[in-house]
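**Student:** Once you have looked at the hints, place chains B, C and D with the ligands on chain A.
Read off the chains here:
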Amino acid sequence: MGDFFTLSVLVATAASAIRLATPYLLASLGETIGQRSGVLNLGVDGVMLLSAFFSYWTVLGTGNLWLAVLVGLVVGLAMGVLYGVITVRLSATQGISGIGIFIFGLGLSDLLFRQLVGTPKPVRRLPNVDVPILSDIPHLGEALFQRNLLTYLAFLLVPATALLLSRTTFGLNIRSVGENPQAADSLGVSVERTRFVAILIGNAMAGLAGAALVLQLGIFQPNLTQGLGFIAVALVYFGAWRPVGVMGGALLYGLVNATVLQWKALGIIPVSGSDLANMAPAVLTILALIVLARRVHAPAALTKPFTRH
Amino acid sequence: MGPETNILEMRGITKAFPGVIANEGIDLDVRYGEVHTLLGENGAGKSTLVKILFGLYQADEGSILLRGEPIAVGSPSEAIASKIGMIHQHFMLVPTLTVAENVALGTASTRRPFTDLDVVSRRVSEISEEHGLAVDPSVEVRRLAVGERQRVEIIKALYRDAELLVLDEPTAVLTPGEVDDLFVILRRMADAGRGLIFISHKLREVMSLSDRITILRNGKVVGTTTPDETSREELAQMMVGRAVRLTPEKPDMDVGPARLEVESLTIHGDRETVAVNDISFEVRSGEILGIAGVSGNGQRELAEAIAGLRVGEPGGSIRLDGVEVTDKDTRSRRDRGLGFIPEERMRDGAIAEFTVSENMVLVDHASRQFTSRGMLAFDAIRRHSRKLVDDFAVKTPGIETPTSSLSGGNIQKVILARELSASPTVLLACQPTRGVDIGAAEYIHTRLIEQRNLGTATILISEDLDEVMGLADRIAVMYEGEIVAVLPAEGATREGIGLLMAGVVEPTAQTVG
Amino acid sequence: MLKAVLGALVPLLAAVVAFAFGAIMLLALGASPLEGLNAMLDGAFGSGSRLAATAVKATPLILVGAGITIAFRTSVINIGGESQIIAGALLSTVVALTLPDLPAFILVPLVLLAGAAGGAVLGAIPGALKAYASVNEILSTIMLNLVMVQFMNFLLRGPLIDPFELEAGTRIPQTQRLSDNAALPTLIDGTRLHIGVPVAIIAAVAAYLILWRTPTGFRLRAVGHSPEAARAAGISVKRNVTLAMALSGSLAGIAGSILVFGSEGQRMVTDGSAAGFTGSAGFNGIVAALFGGLHPLWTIPSAMLFGALLTGATQLQRVLQVPAALAVALNGIVVIFVISSTPVRGWLQRSLADSGLFSRSSNRVEAD
Amino acid sequence: GGDDAPASGSGEGGALRVAIVAPSASDDLAFSQSMVDSVNALERAVELSVTDGTFIVEDAAAAIRGYAEDGNDVVIAHGTQFGGSLVEIAPDFPDVTFVWGTASDTQGLDNVFAYAPAAGEGGYVNGSIAASLTESGVIGVVGPIEAGDAVAYINGFEAGALAGGASEVNITYTGSFGDVALAAEAAEAHLANKVDVLTGTAQMVVGAVGVAADAGVPWFGTQANQTSLAPDLVVASQVYHWEVVLEEMLALRDSGVIGGQAFEINLANGGLVIEFNDAFELPAGVRDAADAMIEGITNGTVNTGS
Ligand SMILES: Nc1ncnc2c1ncn2[C@@H]1O[C@H](COP(=O)(O)OP(=O)(O)OP(=O)(O)O)[C@@H](O)[C@H]1O
Ligand SMILES: Nc1ncnc2c1ncn2[C@@H]1O[C@H](COP(=O)(O)OP(=O)(O)OP(=O)(O)O)[C@@H](O)[C@H]1O
Ligand SMILES: [Mg+2]
Ligand SMILES: [Mg+2]
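Just so you know, the sequences run in chain order A, B, C and D. The first sequence maps to residues 1 to 309 in our numbering. The second sequence maps to residues 310 to 822 in our numbering. The third sequence maps to residues 823 to 1190 in our numbering. The fourth sequence maps to residues 1191 to 1496 in our numbering.
For reference, chain A alone in the conformation it holds in the complex (with noise of 0.2 Å):
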């Protein structure tokens, strides 16, 4: 256990949990978005694995990173389109609607690899970039400031998101439409386009999301997010619909997993208990919603479609 406390592992185990926190944090965040807006996206894993397959495609094809990431922003902005279609123009229900998106990019990715790869290729990761001034602080700034571009844009969206919803005019569309659709039908408040955009940031993120897994990875293999997506959607409840305790979870989720990796690494966890030390960042989670005990509640609006009478 003493190895643990030691600076240079401590730093790179909150690296790594950053790392690993970033695709959570940027589809959580969206779906955020969205669920604010009374939208559940249970294909958020679908999303992901299309934008994380084309993104691959993009760099393994161009070696251009940044038309990677760009690549699957759009991904998920078309995917949004679908979503937006299926659920608001036409009313479907959204639980089924999105493991239909889940399973579509699911058996779409996999076979656009297959077709197009094959075998696995490593390609260009992102750099990690020094944050001026920050970076030299002795050893957080190794933990916090010498990430890549990906992960500082998803922490500065958590403060983005916040503002977004608790300041501009569309936040308020998107906050009003959520909780009581009649309401803000009534004052002229387009429900069905609020909808539709949040959907698009929302899928527009995991999209991103789906970019900064595969290219802080460097490679891409079917199902490559193994489940993530749904993560990130428990995560929103663990979050109570707020940017900054999304935030938290993700960070608690990447530092368990993180610290267990760790602690493999050293023999704290032996190999015999590896599986049960698996279940931690799970068990953890529910552990931590049963202590804070929070009794927030869901935008009351949350997977009911609207219509006017």
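Hints are computed from structural coordinates only; laboratory data are not their basis. Glycine is no exception: its CB is placed at the ideal position from the N, C-alpha and C atoms.
With a cut-off of at most 30 Å between alpha-carbon atoms, the simulated DSBU-like pairs for lysine-lysine come out as follows:
{"#": "1", "chain 1": "B", "residue 1": "K559", "chain 2": "B", "residue 2": "K511"}
{"#": "2", "chain 1": "B", "residue 1": "K704", "chain 2": "B", "residue 2": "K511"}
{"#": "3", "chain 1": "B", "residue 1": "K559", "chain 2": "B", "residue 2": "K704"}
{"#": "4", "chain 1": "B", "residue 1": "K511", "chain 2": "B", "residue 2": "K529"}
{"#": "5", "chain 1": "C", "residue 1": "K1060", "chain 2": "A", "residue 2": "K304"}
{"#": "6", "chain 1": "B", "residue 1": "K392", "chain 2": "B", "residue 2": "K529"}
{"#": "7", "chain 1": "B", "residue 1": "K392", "chain 2": "B", "residue 2": "K511"}
{"#": "8", "chain 1": "A", "residue 1": "K121", "chain 2": "D", "residue 2": "K1384"}
{"#": "9", "chain 1": "C", "residue 1": "K1060", "chain 2": "B", "residue 2": "K637"}
Computed footprint of chain D on chain A; a stretch qualifies when at least three of its residues, placed anywhere within it, have a C-beta under 8 Å from a C-beta of chain D:
{"#": "10", "stretch": "7-14"}
{"#": "11", "stretch": "112-122"}
{"#": "12", "stretch": "222-234"}
{"#": "13", "stretch": "261-270"}
{"#": "14", "stretch": "273-285"}
Sample of chain B residues lacking proximity to chain C, with all beta carbon distances greater than 10 Å (derived):
{"#": "15", "residue": "R496"}
{"#": "16", "residue": "G621"}
{"#": "17", "residue": "M778"}
**Tutor:** Chains B, C and D with the ligands alone, transformed into the frame defined by chain A:
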């Protein structure tokens, strides 16, 4: 009457829903500066008419002239743009947003993409001051009392410069004091030249506020009159289509033993205040104890405690028929003979998606009468429901109709039928006729008295003073969580009780334990 | 009646449109769509034994789906099917390992009951967490899925591993071959059709009866529609929320034991993921249930459709040598198209009179 | 991949019809690919069909049965977990040869051949080379779940590394065959703990190889040649050449014996081959020492402990 005097003219409005014609060739004029009341039973078509005006529904036939110009209102935003404001029967507020945010919703902001809430707040304060609508713009709406929410709705309309204001049953949820305040505001708005459409079932209010009254029955206009030309009795007759007894007939009864005993009951409220403070009383077989009071003085908490919805919280003791039930849940209290008519009928009283028949057995579904060999006995349930629908004159297409498609008064009758058919020894009736039309209210009152005559100990919690005074044998007045007085109904005056409710008069008369 | 048929036709039409997309994808892969369709139909229905395989594939979906209807009708969203399947499978495996010599007519019902018990526990936990600690069930069930996978890995690598695997040093994480007395009896020789199929159908019918014919189901639906009104009527919301999840989980748990004892391998084995054991039945069951309008009986044909997709896909891959992922993508498209068509179906069904077995609920398609 | 050959119709020119049913993707640079590559490396003409990505035993069983029904001569069930299904299927097709692995016996079925790798042997060689490359003395291993030939390889590697003078071998089982991100972070965790040589097994290691490559840390592969994942840093890969035992099985089949025997690939029979990456410059003598060790294991003078 030329266009210059009428702000609104609705001509030949017809609107049909599947199976019902809600409006049939309705004409309605509203003048500048007048309060024009729409009166009618539940389901007469009042809300439908004003929803058409506000663009929520489209009329099948007919035309609308606003300020003399024909207009087509396709959506609420078009109505708002035409300076029509509407206060809906069910508030259109987002509870998690602040007052200012609710007001700002849907309006253009000067600081796009951000919403300039400071500007909104300032304007809200101005409106508050101008019209006497005290409310704090920075508070979340869910923290507001019902009356305050109403004020927010009015502010919303005024913020949008509404010149024609529609209020659909604004007083249904208000206390008498709040109603008086509201009427002052409405009158002032009318005097400033606005046109107001006011909808209510309460004849006393209608007589005091209206300039003109239009009565609807079964989707048609029965007539238009003024308070000077008519009386409450005549209005009731026009609405219902037959003579109506406004004050129930109540024979004298000998009271029996105490059925419900409440002793030193203390409840902490939701906001860390003491909601009910050391209350003691008893209700005897064959009597109705009316509890009067302005809402928010602990009646709701008291009712919940008696019903068993706050097990574990209250200090003190509650006994049903002599048996201690303080720690027992709702079900065991009901098993001991408690009947409960909750205040919020659509939320707590009935399940909207369930059929009438399912709601009829919501409490008793598992009794031997309605089950056989572990399964629900549908034949028995149907027979029972049909009988109750007949006995209680519930207006419904059938017992398998979803309850949500019944009118408020009829839903209340379903609940009443369910609770009374179990022959309760103690009946807790909360706001039993709120939002219910005169015909239904008359019926409900009759049934409550019948039950009393059968020996049920009834506790009636109501903010409708007429109702309490008409039904109760004894009246307890609640003020700030305490019972400040218990008076015999005979000889009690509106004014006297009103003062007690306002906490003005020191408790004088008998304070019974 | 005609309208009822129409109502059922709309999703079928949507499925056809979805298959048109599949055809385009096949063309893109250089395969013939006609051969593809032929292979899928042949794989799913081509012979008695293939039809049986389809029914077997549909079995866990029927069970999970029927369970889902109970939970969703109580307004609890059970995304924990995967964990409940695993729990049922593990507990029934333990029973079969402990009592291998019991005669089949005792052991078979016993392992199914053990499966139900295991699943019930894993359902009751998130149910109780929601009821008594206000922990959102979407969160807790997703997390419990993750927990149970690891727990399965732990047991199959450790306490439950086939002793032979340790001896041989191969250490494949699997149990020993379980007692033949626990194997689900085959109904038609030469096919895979075992009693798990009728068990699932009976369970779906039971779910229907519970929900609409018993006082328990009455209370569950009351709580689902309006917890406040249920509470005021003396129905315990907390207890019924827990109960709904436990019932839902127990059906998934039975699916778990059927996956073990109805399999040719007759043992549990893990590849470290949940899907490797469950075949994602915990998710696909939700789809089947929602597809069936959250009605337990409609869930049966709906699950059969997905079972056919899955078995047909295996044949598709084998015959045309296209990646299995195509079938997964197709599956997703079918779901998307059919669900997009439910507003249409809902509209059709709403115009149906309240008659017949299915009418009571099928006009309410909203799931969550 | 090479698995797209058409499967319908009878074999051209009397080519042997072979089908593979494999649990992961046939081009996973790991377990499944090793078998596809091996069949393609057979000397005789083969018409190959592949169903991959079927970890779910029931799906695999359906595919195995389907291939037998379709008239394939040889059906390779490439996964231990498929054994239970073979017990049911094989007796129904007495003329078809089923090839099953990894497994060390045929469950008494006389139309089933079994195969297994002595993965520990190559692990031992890799481990001993790794020991000569480490400066910190600490070597990291990223494994999936502690099972199957992953365990054999990792245990062999650990033994070889320790025997070769490494002071510590840290082993992380991530708990998943598929989670690339966890494998990558597991590698990062090792790097933070002084590890300067890495190895790993199963298809999710592609994530870990990327981390090793970025950190400039040498990597050892197994199951398939992983040089393409990090052309500068993969030192050597233990590659499975199942064709060695497949040829033997087919010869037996030609002579009328269609099953009933178990085979092992190892360094001695050439089924296991340590393929060095020439782009990685080994210190002087290391390559020779490695060759000597392979020689020793082959002739039995070196005991790998596995
Ligand atoms: N959206 C709708 N769909 C179908 N029927 C409707 C709809 N809205 C109203 N109705 C029916 O139209 C009739 C008139 O209803 P409306 O709401 O206008 O009555 P009301 O006079 O406002 O009654 P209350 O006093 O109870 O509010 C009723 O029979 C009602 O059931
Ligand atoms: N609301 C009710 N009214 C009358 N009897 C009931 C009610 N609920 C349950 N019962 C009966 O009480 C006994 C216990 O039932 P059971 O254990 O199934 O329900 P429960 O979980 O105790 O009830 P609840 O869901 O109301 O808490 C049974 O005989 C049942 O029929
Ligand atoms: Mg109305
Ligand atoms: Mg009303």
